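Make a model of the complete structure from these sequences and hints.
Chains as they are written, first to last, in this note's numbering: chain A, 233 to 728; chain B, 233 to 728; chain C, 233 to 728.
Calculated from the structure, these hints are not laboratory results.
Note that the coordinates shown come from a computational prediction; the quantities given were computed from them, not determined experimentally.
No false leads were slipped in.
Repeated chains share a single entry, so a pair holds when one copy, or any two copies, can fit it.
Below are the SDA-like pairs computed for lysine to any residue, each with C-alpha atoms no more than 25 Å apart in a straight line:
1) K296 to A263
2) K439 to K621
3) K340 to P452
4) K439 to L544
5) K621 to E413
6) K439 to K639
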Amino acid sequence: MKQLLVYLFCSVFSFLCITNILAEEKWEVAASPPISENTQVCILCHRNYTPGIIEDWLKSRHSKISPEMALKMPPIERRISSEIIPDTLKSTVVGCYECHGLNASNHKDNFEHFGFRINVIVSPNDCKTCHPVEVDQYSASKKAHAVENLQQNPLYHTFGEAITGIKEIKDGKLISLNSSEHTKAETCYACHGTVVTVKGMKKIFSKMGDIDVPDLANWPNQGVGRINPDGSKGACTSCHPRHNFSIEVARKPYTCAQCHLEPDVPAFEVYKESKHGNIFLSKQHEWNWNNVPWRVGKDFQAPTCATCHNSLIATSDDKVIVSRTHDFGARLWVRLFGLIYSHPQPKVGATHIIKNKDGLPFPVTYDGESASEYLIDKNEQIQRQTEMKKICQGCHNTDWVNLHFVKLDSTIAETDTMCLSATRLLQKAWNEGLADPSNPFDETIEHLWIKQWFFYANSVRYASAMGGPDFATFKNGWWELTTNLHKMFELTQIKK
Amino acid sequence: MKQLLVYLFCSVFSFLCITNILAEEKWEVAASPPISENTQVCILCHRNYTPGIIEDWLKSRHSKISPEMALKMPPIERRISSEIIPDTLKSTVVGCYECHGLNASNHKDNFEHFGFRINVIVSPNDCKTCHPVEVDQYSASKKAHAVENLQQNPLYHTFGEAITGIKEIKDGKLISLNSSEHTKAETCYACHGTVVTVKGMKKIFSKMGDIDVPDLANWPNQGVGRINPDGSKGACTSCHPRHNFSIEVARKPYTCAQCHLEPDVPAFEVYKESKHGNIFLSKQHEWNWNNVPWRVGKDFQAPTCATCHNSLIATSDDKVIVSRTHDFGARLWVRLFGLIYSHPQPKVGATHIIKNKDGLPFPVTYDGESASEYLIDKNEQIQRQTEMKKICQGCHNTDWVNLHFVKLDSTIAETDTMCLSATRLLQKAWNEGLADPSNPFDETIEHLWIKQWFFYANSVRYASAMGGPDFATFKNGWWELTTNLHKMFELTQIKK
Amino acid sequence: MKQLLVYLFCSVFSFLCITNILAEEKWEVAASPPISENTQVCILCHRNYTPGIIEDWLKSRHSKISPEMALKMPPIERRISSEIIPDTLKSTVVGCYECHGLNASNHKDNFEHFGFRINVIVSPNDCKTCHPVEVDQYSASKKAHAVENLQQNPLYHTFGEAITGIKEIKDGKLISLNSSEHTKAETCYACHGTVVTVKGMKKIFSKMGDIDVPDLANWPNQGVGRINPDGSKGACTSCHPRHNFSIEVARKPYTCAQCHLEPDVPAFEVYKESKHGNIFLSKQHEWNWNNVPWRVGKDFQAPTCATCHNSLIATSDDKVIVSRTHDFGARLWVRLFGLIYSHPQPKVGATHIIKNKDGLPFPVTYDGESASEYLIDKNEQIQRQTEMKKICQGCHNTDWVNLHFVKLDSTIAETDTMCLSATRLLQKAWNEGLADPSNPFDETIEHLWIKQWFFYANSVRYASAMGGPDFATFKNGWWELTTNLHKMFELTQIKK
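Here it is in structure tokens:
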């Protein structure tokens, strides 16, 4: 009898513990699959040398489940998109060597490390082994081309240099030198990504003594358009940080908020002051951040960035509302981000191919004419807006949603007008010799012009799209659109 | 014996689960009351058409308790303030039809919808059925009059137009057109509220096919002073968002932070950098956000906006410290928000009736004289400050609290002086023809003047009231008050 | 049998409850030690008069454990650093009287209060009774000298007055009066601390009737360099707020974010947009905030301010990575905070003793030469950087960490150049009589110069150190460094 009671006690207790641990994610209650022998060797050393990442990984789904187990989930609940996993990877958890040992021949950063050949950088092409749909979608997106779009577009390149070039006073003149690679890496390229190259091998002194490692240039970096030593584009760790690779993190707006920040892209700040942000900030602790699919109302009570832009969203009885996409522009019809005015989304991720009627690599001319052949057409715009509206309609009625987007259209037109007025003033300054058009980014009236379309018009449009009253009004909104235009106007008057 | 053990196991387990679920809120452990037949029909369709709001409501208190049950709570713990609930609503949960079906004859937005007559907008007058005290308090407040105070005060109207009017360059001149209704709706009126009117009926194409719905103007909107199709003022959903209607959300500062943001009203940013904000941000996960009354120290360890401005606050043994109010100015004696200087709180919510000695609809003249007859007197000020101090004294000793408010008084006087200096410079510019006084809001020196009182003086005063060092100093504080005044001074010198 | 079952039920239940309560902190499961008789009397009244702080304290570790129990912990897990605790304090919990009754003879704020002699302010010297190592480290730090460094450095004093002095327009001139004590207390001294003095006794009317209390000047205040009525420096409550005195709060970045904010010290904003901030904001709810030592990867998955700057960090098997320090500069080799350029950390906390080659109390001359004799040397710099790198290497490999700091060094040099260019322009203005060098902080071109080194260069350096792309680029970063320099340049041209 006593044994029975002890047994009962233990059962109750351990059952409660297990249900608690597993509450957030619905995977099969089973013994964890084994850790591969290779990975065990990695861990043996690295638990001493970089203990933080071992512990981080131990909390990840990768450390608890094998691809084989993942494939037993119903398709709608799956986090992997390949049906064919290499035999060598199938039945162990996804550990150090399973990722860092992949596709060695493609990797210029592959090297011999205590008896193993490993890659420093795990690239999207490696992740593709289990997640091919996500990688293919991502690779075609603007994000994947983020650094090449900066480097290969002469105007954007000039803009970047104008801002981050070192300035010195020489002979009473203000001169601008080239930007350093270091500064580019931590300004524009911190978000856009660097081109990581391998210069050879080098010896470094580590806690393990002298070791030979690849000599990487433009590293470390986790920008979204990073070009990796295997030629692939992007860094999955931009949004799924190492070594936890969590869906939860990617779904939280703090992740997008690494880059999408005011003054140029105030997506996160606008979100925070929106009704959706209010609900997220107040109730997020009760939400199910790891469920796949992500069920509207049940798992979350207000959308985050991921909800509208990429997640697989379903009803509580698992009817799909929208499919998952890792092309973050796929549900967007208009590009609110003015260059220099808003315009239909580009057809392809490599936007540096765009040329407008003036021959400039901007998607719109100074006069406001779109470079239509490079931009999606009306039909595609309608189709994408319809997709987005499905998400809104998860909670809002049809009329509510329609009226919201009518308002957005009006705001797009008005803010474009406010930018056109700024361009007119700049052109006047150029025409009258008050400023020099050869570089449109390096004089005070040009700085004001940049602020008009790059900071203030964007702020108002984002605020309109998400319902952020402060960013529409006083904080980088209409207040600035108006007072900035007055300043530009005065510059064109005073100097005459 | 075995059965007994199984029974015991189940009891332990389910008891633990239930106590866990009910831990946050103390309502009677009982079966949920029924959902009305009307609401069941709503849910039948809307769980398919707008599943998010059904799930959201299912998590609400409204979905789990009937007014009858709510009335059984001890008065101090009640969330409803009416003792007389209509018989038809008493014994079911508060569902779709219970709210959207109320007071049909008052609602110009009432329409026939699949056999039911419902209102699009549930208004404060509808919520009043169970929450009359809250609605009456709110309806008298400045918040409830927020949009009419903007529209009916000619100066505020001019200010709004100056900012949000579209500007064009015509014949070398900068001209300002009228603001569009869309832009007003998402700038000033996003917080202040719109006047929602019904233009008739219209046919829309929805997921259910073509349906007839009311054709609403200035909708959607959730501003605090919204004027509803039934004539009532306000939107309870400004702070208790649909369809969860949570006390928790309203008590969290993220809710107030939809509107009370820098640069003009930096309440939330100042709070975040204050000691109170520090404690809130660090410990909020352990607090009881749903308890009524809200017990100082026990349920929360530092005040949020709601604590000081409206919640029912009690000791841990339920002695009332301050009563609940939904007039958010009721505990305020001074209006830190300068117009154009700080001043005693207005007597009534409809501030557009105020006229100062200069005949302008500002509560203070340019020279700093208050329009006393429209503002509360010294006695009322003392009474309100005493009420506020009771909350401070929940944690701080009398001397600490007194000294805090002495400091605030000093700061109010100093920042008013810094604004008066700005006005003196503006008057000089007006007198000397450097600027045109006919519209005081549309020239560069006037923009600087606005920043002085509307952005910087407010920031310092809020920072003084709540203890935010950065907003008092470099971030929109004394640094800006000073450097901005220098800029104004130079404008009055250069142009002479 | 039945009794056995009941007993079993109770055991299971209470064990689960206790483990739950104790889950976060590993102290011995034992009955709480007694509350001292003195403290019981305090509580008897104050649970009515200031109930919030009693409840707050009841949630603290101080209310649940005696110093005697604390000493039974293994040394690495201890939160107290004294081995010798006075007998009178050993065996009771740390209550009101145990702290407010200490070292009465040192305290000018000691007074008779209902039969007890107590101090208003519990000072670091009082906390030292149990926490001597922490207090000694802190007392030598820059933080502890924060207010005297402002007051005794004539340049900083002039800077403060220039900003916070009240400005009036007199006879067409802009004149600056002295800053008031109130304004200083809530601007500079809110973070830096006030000098709290005792002017005598005074009678105040409290809820207990008229009582006599010390008449304190410059109170309330919780700045880091506060000088207390017992002569000690600092306020432990800056980071461990009353009366919870929590490690959790101090470890969260919200605590540092009371002061370390943009525009001058944007540490928190940069952190939030960094990868570390992203992970913290997304996963903090799962971390163990109270464990000592703090185990990398296991207790936290990304560093907070405390991780890098002061906590005791260990591996999951309790190998120490870095020791705890309460001198928050102890792991820093370079002072990113430019005055007016970056420079090696000062040797001592009392930086007002520094004089550079120009005879000015800045650690660097206008031309960029460091006042080396007051600053740590290369060896000390290397040693401190090595210490910091150990923390980085908890997760990152050696090469990653080295490259990160190479980039930081480059940014320090570039931003110093951008500041030197600004100084050159200011010197030109001074030389040509366009500005008056007698006070370098009170003219428009001087304000721009201040922004260059105090706001923008600092922002870029912090962004480089922590990986914050927005603050390196558009938000107070290179964009502002560049456009601000253009404005300064134009001021030196126009006026000629």
